[in-house]
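Peer 1: Letter by letter, the chains look like this.
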Amino acid sequence: MAPDAEHGRREEPLMSKPINTAAHIRRNGIEPPPELARISAETPLVQVEAEGLLFSGRHWLATGYDEVRAILGDNRFKMLPPAQAKLGGGGQVEVGNLLQYDPPDHTRLRKMLTPEFTLRRIRRLEPFVAEIAEDCLDALESAGQPGDLVRTFAVPIPGLVGCALLGVPRDDAADLARNFNASRAVANFGNRIDDRERERQRAAGNAFVTYMRRLVRQKRRTPGDDLLSMLIRDHGADITDEELTGTAATLMGSGIENVGGMLALAPLALLQYPDQLALLLDRPELIDRAVEELIRYLSSVPNSIPRYAGENLRVGGHLIKTGELVMCSLLAVNRSQLPGVPRDTLDITRENSGHMAFGHGIHHCLGASLARMELRIGLPALLRRFPKLRVAVPPEEIRFRTWTPNYGVDELPVAW
Amino acid sequence: MEMEMEIRVDRDRCAGSSLCVSYLPDVFDQSDDDGKVLLRTAEPGADAAQAVRGVVTRCPTGAITVRARDAQEVRDA
Ligand code: HEM
Ligand code: HEM
Ligand code: SF4
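Chains A and B, in that order, are what the protein sequence lines are. Using my numbering, you'd call the opening residue of the first sequence number 1 and step up by one each time. Using my numbering, you'd call the opening residue of the second sequence number 1 and step up by one each time.
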């Protein structure tokens, strides 16, 4: 089936009225909000007022290198307890979402999953990803220009990878993708949407999770050789069906949101830095470094999930009191605070910048190797196919997903 | 001049991020059973010292420590 058809039509964008929110959230383009570097330099840890996030009101904002490392590396800063949090497709995915757990439960769940994401396992998926990347490019090319890079390339690749990983039958992929896409705008928390629209999106999100629940039951009955079946085979007695459902939904969702964002943002960034693009075309062996640098530069998860202090904790001369919330800006650190990395320069030859785009500490991204691999395969495939790739709309018409926790673009019309 | 060093890994701390093994596959490995770090060599020699230090800093959970021979332990948590 054509990747395009599997992913259905993307939903109409919902018009947004910007809400009053903190500077570290607002981004409209490849570059961070201009005031962010100044905030880092002057106040690497500061109390701010923000509205419309996972929570509203006063919280701490960490933008300094040492501060962010100290907070994310310290398990006394805890994840929001499920009662307070609303993470995941409008609130459904709480159980089984690693980002909602603290040790010892986090340790138990994470331990089951890490063997599925080793470098060796991920490398075995490379030929499959190369194949679907080419299929997506075929679909894009045959539909004619201009085409939307998001709908036909950036989202289908991680979507199909997710389906393969979880053992979703090909016949079900289209429906699943439709529901996932329809539920995505809920995450765009700055959008003002009416109740009917919100209800419709919640229903789609529920259908997505319900599908995962059915899939888990089916894998319990007749296991295959996919990730869910392996989890069931190796740990079936130690993990509940609800945890498996949440795990499946989060893995699928994170893959699509994060890699989908990067597979559109990365080409866009390269097009905005033609010297870097030319260098990569000239020296394809730079791809690993280029991918790492783009992940740093774009920091498509700009902020960590908020933590709260489990006890009174001192960080960088400030006292964070029990129960107070802390948000870490990975974008701020990666763009202006990394030791030895000059501010705001994209350099695809850079080695080991020490960025924190995948987080830090025990919640460090589980899918980091998978994400790198999808980008390392997907980007060169795109550039090989369309060496004259260009954006087909004026820059001011590109709709960035300003208000989502996982940054990206709503669509990216391209020509070649 | 970099000194000879000895590497230790704390497998309880390791989050299985694959970071060390992707940067320095000659020094680090990853278990197929639990996804956690394994050492190929604890004494990679002076040439590798700087690269190893880079990985020590990047390890998200501070699971890697190096001890310069006849010097104090360096840990980055
Ligand atoms: C690795 C995976 C993910 C990361 C790192 C991530 C990151 C985040 C962060 C940092 C926030 C807080 C935003 C804020 O308060 O400013 C957030 C909220 C949210 N995320 Fe995710 N996310 C991930 C996966 C997902 C998935 C899989 C879904 C849906 C299927 C999702 C849906 C949402 C929603 C709906 C919110 C906002 C809730 C609200 O407006 O109150 N996320 N995410
Ligand atoms: C370039 C793409 C990606 C970026 C930038 C990214 C970023 C992140 C970040 C920053 C966190 C930590 C959040 C925090 O501590 O608050 C995280 C966690 C996580 N990511 Fe990713 N991610 C990406 C791709 C993926 C993919 C492809 C998957 C799944 C297949 C995935 C699954 C997860 C999971 C499960 C966690 C939670 C880990 C835990 O709590 O132990 N991510 N990611
Ligand atoms: S970098 Fe650290 S957490 Fe990641 S695999 Fe190596 S030792 Fe484990």
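Quick caveat, the hints were computed from the structure, so don't treat them as lab data. The structure presented is a predicted model; accordingly, all values stated were derived computationally and were not measured. Glycine is no exception: its CB is placed at the ideal position from the N, C-alpha and C atoms. Treat the hints with caution; some may be incorrect.
Stated by the list, open to error - Here are some, though not all, of the chain B residues that point toward chain A, as calculated from beta-carbon distances under 8 Å:
| id | residue |
| --- | --- |
| 1 | G16 |
| 2 | S18 |
| 3 | V21 |
| 4 | S22 |
| 5 | Y23 |
| 6 | K36 |
| 7 | T41 |
| 8 | Q50 |
| 9 | G54 |
As the list claims (entries may be wrong) - Not everything, but these chain A residues come out facing chain B in the computed CB check (under 7 Å):
| id | residue |
| --- | --- |
| 10 | P115 |
| 11 | L119 |
| 12 | S142 |
| 13 | G144 |
| 14 | Q145 |
| 15 | H360 |
| 16 | S369 |
Peer 1: If a hint holds in the structure, say so; if it doesn't, say that too.
Peer 2: Here's how the hints hold up against the structure:
1. G16: 3 Å, holds
2. S18: 5 Å, holds
3. V21: 6 Å, holds
4. S22: Interface hint status for B:S22: holds (6 Å vs cutoff 8 Å).
5. Y23: This hint holds: B:Y23 lies near chain A, its Cβ roughly 7 Å from the closest one there, short of 8 Å.
6. K36: Holds. Min distance 7 Å.
7. T41: Status violated, d = 18 Å.
8. Q50: This interface hint is violated because 10 Å lies over the 8 Å limit.
9. G54: 5 Å, holds
10. P115: 4 Å, holds
11. L119: 5 Å, holds
12. S142: With a closest approach of 36 Å, the A:S142 hint is violated.
13. G144: 39 Å, violated
14. Q145: Not OK, violated: A:Q145 not within 7 Å of chain B, min 37 Å.
15. H360: Because about 5 Å separates A:H360 from the closest Cβ in chain B, which is inside the 7 Å limit, the hint holds.
16. S369: 5 Å, holds
In this structure, the hints that do not hold are numbers 7, 8, 12, 13 and 14, in rising order.
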